[in-house]
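Peer 1: Whenever a hint applies, use it, and build me the whole structure from the sequences.
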Amino acid sequence: NAGVTQTPKFQVLKTGQSMTLQCAQDMNHNSMYWYRQDPGMGLRLIYYSASEGTTDKGEVPNGYNVSRLNKREFSLRLESAAPSQTSVYFCASSLREEQFFGPGTRLTVL
Amino acid sequence: GQQVMQIPQYQHVQEGEDFTTYCNSSTTLSNIQWYKQRPGGHPVFLIQLVKSGEVKKQKRLTFQFGEAKKNSSLHITATQTTDVGTYFCAGPKAAGNKLTFGGGTRVLVKP
Chain A
79 NAGVTQTPKF
89 QVLKTGQSMT
99 LQCAQDMNHN
109 SMYWYRQDPG
119 MGLRLIYYSA
129 SEGTTDKGEV
139 PNGYNVSRLN
149 KREFSLRLES
159 AAPSQTSVYF
169 CASSLREEQF
179 FGPGTRLTVL
Chain B
1263 GQQVMQIPQY
1273 QHVQEGEDFT
1283 TYCNSSTTLS
1293 NIQWYKQRPG
1303 GHPVFLIQLV
1313 KSGEVKKQKR
1323 LTFQFGEAKK
1333 NSSLHITATQ
1343 TTDVGTYFCA
1353 GPKAAGNKLT
1363 FGGGTRVLVK
1373 P
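Residue numbers (the working numbering), protein chains in the order written: chain A, 79 to 188; chain B, 1263 to 1373.
Covered, in the sense of this in silico footprint (three residues per stretch, anywhere, with C-beta under 8 Å from a C-beta of chain B), are these stretches of chain A:
id, segment
1, 119-133
2, 178-187
So the derived list for chain B, only partly shown, Cβ under 8 Å to chain A, looks like this:
id, residue
3, Q1295
4, F1307
5, Q1310
6, F1350
7, P1354
8, N1359
9, K1360
10, F1363
11, G1364
12, G1366
It should be emphasised that the hints constitute simulated quantities derived from the structure, not laboratory data.
Glycine included, every Cβ here is placed at the ideal spot set by N, Cα and C.
Peer 2: So this is what it looks like as structure tokens:
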């Protein structure tokens, strides 16, 4: 039982490049989330998926797109990366209130 | 919109001492959750409080939910180096399982 997995662990991009962050969970959870965490700050919700086939914007969705591919997988895409998107990205999943987080992806945009 | 604030932002504690961190919401909460994030790690769920005035203990950690369900506290007794990390409180948004996280209290322990 791996819980929530994320790939890659680290990524460096140049401004304007695109990439997709992958997230998968094996706990049969309905809800999945993408957060970003900037240094010394809390977690801000980027996008949320209540169930397969549905997605909803969070607090900071601009510059991002998501795909809920199936119940297990929820990906986050940066179409044209900007330095302001340098952050640590966490994926999480939940059945009810308690959220389970993945190990995170550290993204630097130069 | 809903805001969740935590104080203090930083807490320097001598090993063996007690301290308390506080969480305040701009709206009444149906429940409140606490998470711990070790340096370089990811947030890990600690506990959920649901009832007004509820108090729960986990070893040296005591969690309390305010009577008005708008605030919460985490009290740690006899702080150890294993308590180092950032403690976040989080309250649910009006609909769905989405959470609003506080900014966290970063705890540093002096041996």
